[in-house]
Amino acid sequence: MTARRLLFALPALALLVAAAGFWAMLSGMQRGSFDPRGVPSALVGREVPRFELAALAGWNKPGLSSADIAAAAREGPVLVNFFASWCVPCLVEHPQLMRLAAEGVPVFGINYHTGTQKDPGAVDWLRRHGDPFRRIGVDVTGRVAVDFGVYGVPETYLIDREGIVRWRMAGPITEQILADEVRPLLRRYR
Amino acid sequence: MKAGDHAGPPRPLRRARLPLVGARGPRPTGGGPSWGARGALRPLALVFFLLCAPAHAVVDPREMLPDPAQEQRARDIGRGLRCLVCQNQSIDDSNADLARDLRRIVRERVAAGDSDAEVVRFVTDRYGDYVLLRPPVNAVTIGLWAAPALILLAGGAGAFAYLRRRRAATPPEAAPLSPEERARLRHLTAE
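Heads up: the sequence lines are chains A and B, in that order. Using my numbering, the first residue of the first sequence is number 436, and each one after it goes up by one. Using my numbering, the first residue of the second sequence is number 14, and each one after it goes up by one.
Derived from the structure by calculation, the hints contain no laboratory data. Honestly, I wouldn't trust all of these hints.
Unchecked claim - Stretches of chain B that chain A covers, calculated by requiring three or more beta carbons in the stretch to come under 8 Å of a beta carbon on chain A: (1) 97-105; (2) 129-142; (3) 155-165.
Said to hold, decoys possible - Far from chain A, some chain B residues (derived; all Cβ distances over 10 Å): (4) Leu57; (5) Arg86; (6) His200.
All values derive from a computational prediction rather than experimental measurement. By construction, the Cβ of each residue, glycine as well, lies at the ideal position given by its N, Cα and C atoms.
Put together the whole structure using the sequences plus the hints.
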């Protein structure tokens, strides 16, 4: 008889497990740490791809190369952020990047273009909202973004002292993500 | 904020320009013939719309390689690669900017003499196995590949066990009716 009772408990148990799974997914989506359409980064655990990008014309920041990132990373972890002026979530994460930059965390910017979509509004956007970046490279052909495995903006990469990519965020760094993920990572790779 | 906002193509920018174009031309409203008024044109429009369907396959002639064999290879490779912006389309089907860039990269590599496997590796090196519409069999995906067989097996085993138990539960052949029972049955059915 107990075996029969167990058989009845099985569906209830399955339901409970499914409910717990859904709850974890939904709360992750709410916090921004889980994205159901998210693509895991192939770059995590590997070296930053080699590149050299020209500066943003009409703006007072130098261009960006992988050597610049490696040099800065020797002092401590750095962030590389792909952004575009037409990208609304970039504006959502902008205050968090400004705060990190003000605290002295090196944040490097790569202005995202694709082969067909350029970003003529980048200078205006930086003037209007502030510029958190130490250096800004313009990825005119979109090839550097492909080398990073970028599939949308914003995307942010954290690079440790050895120049290895440790973390990738596809989507905006909200205050919650900043507190829950970015700050602990910055401490860990300090 | 949802991470799903992780920006798609910059449509708002393009859309924002549209009203400007319209404002210069004649105003669309104000008594002029509208789609509803031109009822006679509707079937024709439908025919044209249906004729348009095959054009959904996006092959921009400017993208094509001059060598048809190489172009065919590039298309076949592209059909197996996921567009990461739209996710359930291949880069060969997708109109997204990123898909176009990836198509161009695939063609460049094919033209440069890479083998199909080398081209695919170039892309998976950057975007991971997720970019493959047909995932490879490995430790992570073995559950995915084995699932249909396992589910079929489990279902079959369940059905087998159920049928066997039901056969075991059927009572043995009943004894023939006694004369009294037979008389009673006749009495009941006669009513």
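These are the hints, each one checked on the structure:
Given as covered by chain A, the stretch 97-105 of chain B passes the check, having 3 residues with a CB less than 8 Å from a CB of that chain where 3 are the minimum. For a cut-off of 8 Å, the count of residues in the stretch 129-142 of chain B with a CB near a CB of chain A stands at 5, and the three-residue condition holds. For the stretch 155-165 of chain B, the assignment as covered by chain A is violated, since 0 residues bring a beta-carbon within under 8 Å of that chain's beta-carbons and 3 are needed. The non-interface label for Leu57/B is consistent with chain A: the shortest C-beta to C-beta separation is roughly 33 Å, beyond 10 Å.
Remark: the non-interface label on Arg86/B is consistent with the geometry, its nearest Cβ contact in chain A lying 20 Å away (cut-off 10 Å). Every Cβ of chain A is farther than 10 Å from the Cβ of His200/B; the closest lies at roughly 42 Å, confirming the non-interface assignment.
The structure fails hint 3 only (numbered hints given earlier).
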